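Trainee: Sequences are here, hints too, so could you generate the full structure?
Protein chains: 2
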Amino acid sequence: MTGQTAPTSASDLADLYGPVAGDLPQVEGMLLGLAKVEFPWLRRMLEATLGGGGKRMRPAIVLLAGRLGDYDLERLVPMATSVELLHTATLIHDDVIDAAPERRGRPTAAALFNNASSVMLGDYMFAHAAEFVARTGNIRVIRNFAETLRVMANGELVQDMSAYEYSEDVQRYLDRIAGKTASLFATAAEGGAIVAGAPETAVEPMRRYGLQLGMAFQIVDDILDFSATSEELGKPSGSDLLAGTVTLPTLLYMARSPEDNPVKRAFEGTRRTANLQKAVKEIRTSDLLDESMITARRFAESARQQLAALPAGDVRQTLDSLVDYVLERRS
Amino acid sequence: MTGQTAPTSASDLADLYGPVAGDLPQVEGMLLGLAKVEFPWLRRMLEATLGGGGKRMRPAIVLLAGRLGDYDLERLVPMATSVELLHTATLIHDDVIDAAPERRGRPTAAALFNNASSVMLGDYMFAHAAEFVARTGNIRVIRNFAETLRVMANGELVQDMSAYEYSEDVQRYLDRIAGKTASLFATAAEGGAIVAGAPETAVEPMRRYGLQLGMAFQIVDDILDFSATSEELGKPSGSDLLAGTVTLPTLLYMARSPEDNPVKRAFEGTRRTANLQKAVKEIRTSDLLDESMITARRFAESARQQLAALPAGDVRQTLDSLVDYVLERRS
Numbered sequence: 067m068t069g070q071t072a073p074t075s076a077s078d079l080a081d082l083y084g085p086v087a088g089d090l091p092q093v094e095g096m097l098l099g100l101a102k103v104e105f106p107w108l109r110r111m112l113e114a115t116l117g118g119g120g121k122r123m124r125p126a127i128v129l130l131a132g133r134l135g136d137y138d139l140e141r142l143v144p145m146a147t148s149v150e151l152l153h154t155a156t157l158i159h160d161d162v163i164d165a166a167p168e169r170r171g172r173p174t175a176a177a178l179f180n181n182a183s184s185v186m187l188g189d190y191m192f193a194h195a196a197e198f199v200a201r202t203g204n205i206r207v208i209r210n211f212a213e214t215l216r217v218m219a220n221g222e223l224v225q226d227m228s229a230y231e232y233s234e235d236v237q238r239y240l241d242r243i244a245g246k247t248a249s250l251f252a253t254a255a256e257g258g259a260i261v262a263g264a265p266e267t268a269v270e271p272m273r274r275y276g277l278q279l280g281m282a283f284q285i286v287d288d289i290l291d292f293s294a295t296s297e298e299l300g301k302p303s304g305s306d307l308l309a310g311t312v313t314l315p316t317l318l319y320m321a322r323s324p325e326d327n328p329v330k331r332a333f334e335g336t337r338r339t340a341n342l343q344k345a346v347k348e349i350r351t352s353d354l355l356d357e358s359m360i361t362a363r364r365f366a367e368s369a370r371q372q373l374a375a376l377p378a379g380d381v382r383q384t385l386d387s388l389v390d391y392v393l394e395r396r397s
Numbered sequence: 067m068t069g070q071t072a073p074t075s076a077s078d079l080a081d082l083y084g085p086v087a088g089d090l091p092q093v094e095g096m097l098l099g100l101a102k103v104e105f106p107w108l109r110r111m112l113e114a115t116l117g118g119g120g121k122r123m124r125p126a127i128v129l130l131a132g133r134l135g136d137y138d139l140e141r142l143v144p145m146a147t148s149v150e151l152l153h154t155a156t157l158i159h160d161d162v163i164d165a166a167p168e169r170r171g172r173p174t175a176a177a178l179f180n181n182a183s184s185v186m187l188g189d190y191m192f193a194h195a196a197e198f199v200a201r202t203g204n205i206r207v208i209r210n211f212a213e214t215l216r217v218m219a220n221g222e223l224v225q226d227m228s229a230y231e232y233s234e235d236v237q238r239y240l241d242r243i244a245g246k247t248a249s250l251f252a253t254a255a256e257g258g259a260i261v262a263g264a265p266e267t268a269v270e271p272m273r274r275y276g277l278q279l280g281m282a283f284q285i286v287d288d289i290l291d292f293s294a295t296s297e298e299l300g301k302p303s304g305s306d307l308l309a310g311t312v313t314l315p316t317l318l319y320m321a322r323s324p325e326d327n328p329v330k331r332a333f334e335g336t337r338r339t340a341n342l343q344k345a346v347k348e349i350r351t352s353d354l355l356d357e358s359m360i361t362a363r364r365f366a367e368s369a370r371q372q373l374a375a376l377p378a379g380d381v382r383q384t385l386d387s388l389v390d391y392v393l394e395r396r397s
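Going down the list, the protein sequences come from chains X and L.
The opening residue of the first sequence carries number 67 in this note's numbering; numbering runs sequentially from there.
The opening residue of the second sequence carries number 67 in this note's numbering; numbering runs sequentially from there.
Among the clues, some could well be false.
Repeated chains share a single entry, so a pair holds when one copy, or any two copies, can fit it.
[Unchecked claim] Straight-line Cα separation of at most 20 Å, DMTMM-like style, residue types lysine to aspartate or glutamate; simulated pairs: (1) LYS330 x GLU234; (2) LYS102 x ASP241; (3) LYS102 x GLU213; (4) LYS330 x ASP235; (5) LYS246 x GLU104; (6) LYS102 x GLU113; (7) LYS246 x GLU234.
Note that these hints are calculated values from the structure, not bench results.
Fair warning: this is a prediction, and the values are worked out from it, not measured in the lab.
Mentor: Okay, here's the thing in structure tokens:
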């Protein structure tokens, strides 16, 4: 359930994360260190949810941001581990909340382990995330982290998100993904910079970079839920909508005939499954996914613009390539 | 589900908490402030779980400890609120984990709101607890808090707990309640002292006081689960054991005939309910509850001894009276 795609090879990661790729195994090691617990059932759950694979994009962003200052892995690795743990814990609890049987082709923790164990497992990770971030010894980072927790739990508005005017429905969707996804990307990018003592002229651009990149990342995720094949996703196309979750493509679809459309009919209780399946099919074969990509690109370009404030070099280059990767990925 | 007994009157609290009773409403206000959220369903859940009643013993201990230094409510009230939130969040998630329909005569959050909402509600409280403790701006307190979270999630051994030799089973029970209950009492007592900048000669005794008092508190809780009437508890006597949870009285009961006893038979699958009911009845009418009280008193007296390190006065007096209260309470 870790929201991971298929295991990523070391050379892929080297391409993607350049100057910090070689240090990511330390994060991996710290994550797996958590699984060294006495209770076999907890160990198995931790191994299943924290073990191998996954792109570790959030930890990589922490380390890249750390390259903008004093690159001290003693403090950066716990910070990076903390961010990944918080991410994983959130996914695990979300799976209980959504009662999702699969995520990205793997059974969810809730399906594998039952609700009770998933709640414990998520709490265990939250607790360790808090401890790892406390280890940085940096009160500003800790406060940001706590604030991020709160924003993620509230699903509340993150300010300064977009200068563009969106419809009320779309704005509400953007608020939601800002709280759910972008806030943690922002904390990763800003936190790495702060922990490394990077200059203030780099800290705020990094926060904005993370926020905007996170927005693009989640919008692309929501597009991929429609556009990718079942094989790539490991679940039926349109599974979000089939489970009742409305994302950007669906909002744009509904906006084209707001008075009457299959999604509205389904939510009003009329032939729910058939209507949702019809909507998924129509969204997949329409130009709505391209239209959604325009919004994703808008956030991605805004992320890219923040990088102008950073010194030129391989770190900035890698952060720039990450923007492309987020837009171009297929799973 | 808040683990609260019936609402406690202001004069009871004044008796119990002396010099800090008048400030507890500030904690109450901060807790209820959390319920001022946009979503009606979340507001209702927060009001139901954080609202009125409850003795607020943990926040009171934070404030009492704060009286040993610079009694700055700007920092102590968030600390006290944080501790109570963490306590409440833990109870809410425990209710999901245990699938308990009632706690202390009130329906549990999980029974009222369903698992998904309870998980979200608990996470919301954890997040705010983290934010409140970060507000103290004290890195040592924050680290302790994170460590407590971890200990509570691990249910692991807390060192220095007892000089007395217990059987292996009892030792395991004591470890469990140390993680579950006493660690948070310790954090409350130590954290209040640290936030107030109390002298180091007071900080460590307060931590030990909290730890030992928390042990006594939980043992008494486990005794009351047998001894109190259904009316006092709002649930059947022996409900822990009936739900399969083994506490000190049951351990002592089993130790008297380790080869064969109704609990063992029940757990081996033989006439489970009938055997557990038989065990509850026998424990209630035996001297096992008095024997369990000996252990509770041992921890309570150890808590009391720590107070010798504190300056004489109304704070020390109140902390001393709390020890009596924990032993004498009937619900």
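Trainee: Go through the numbered hints given earlier and state which of them the structure violates, listing their numbers in rising order.
Mentor: Per hint list: zero violations.
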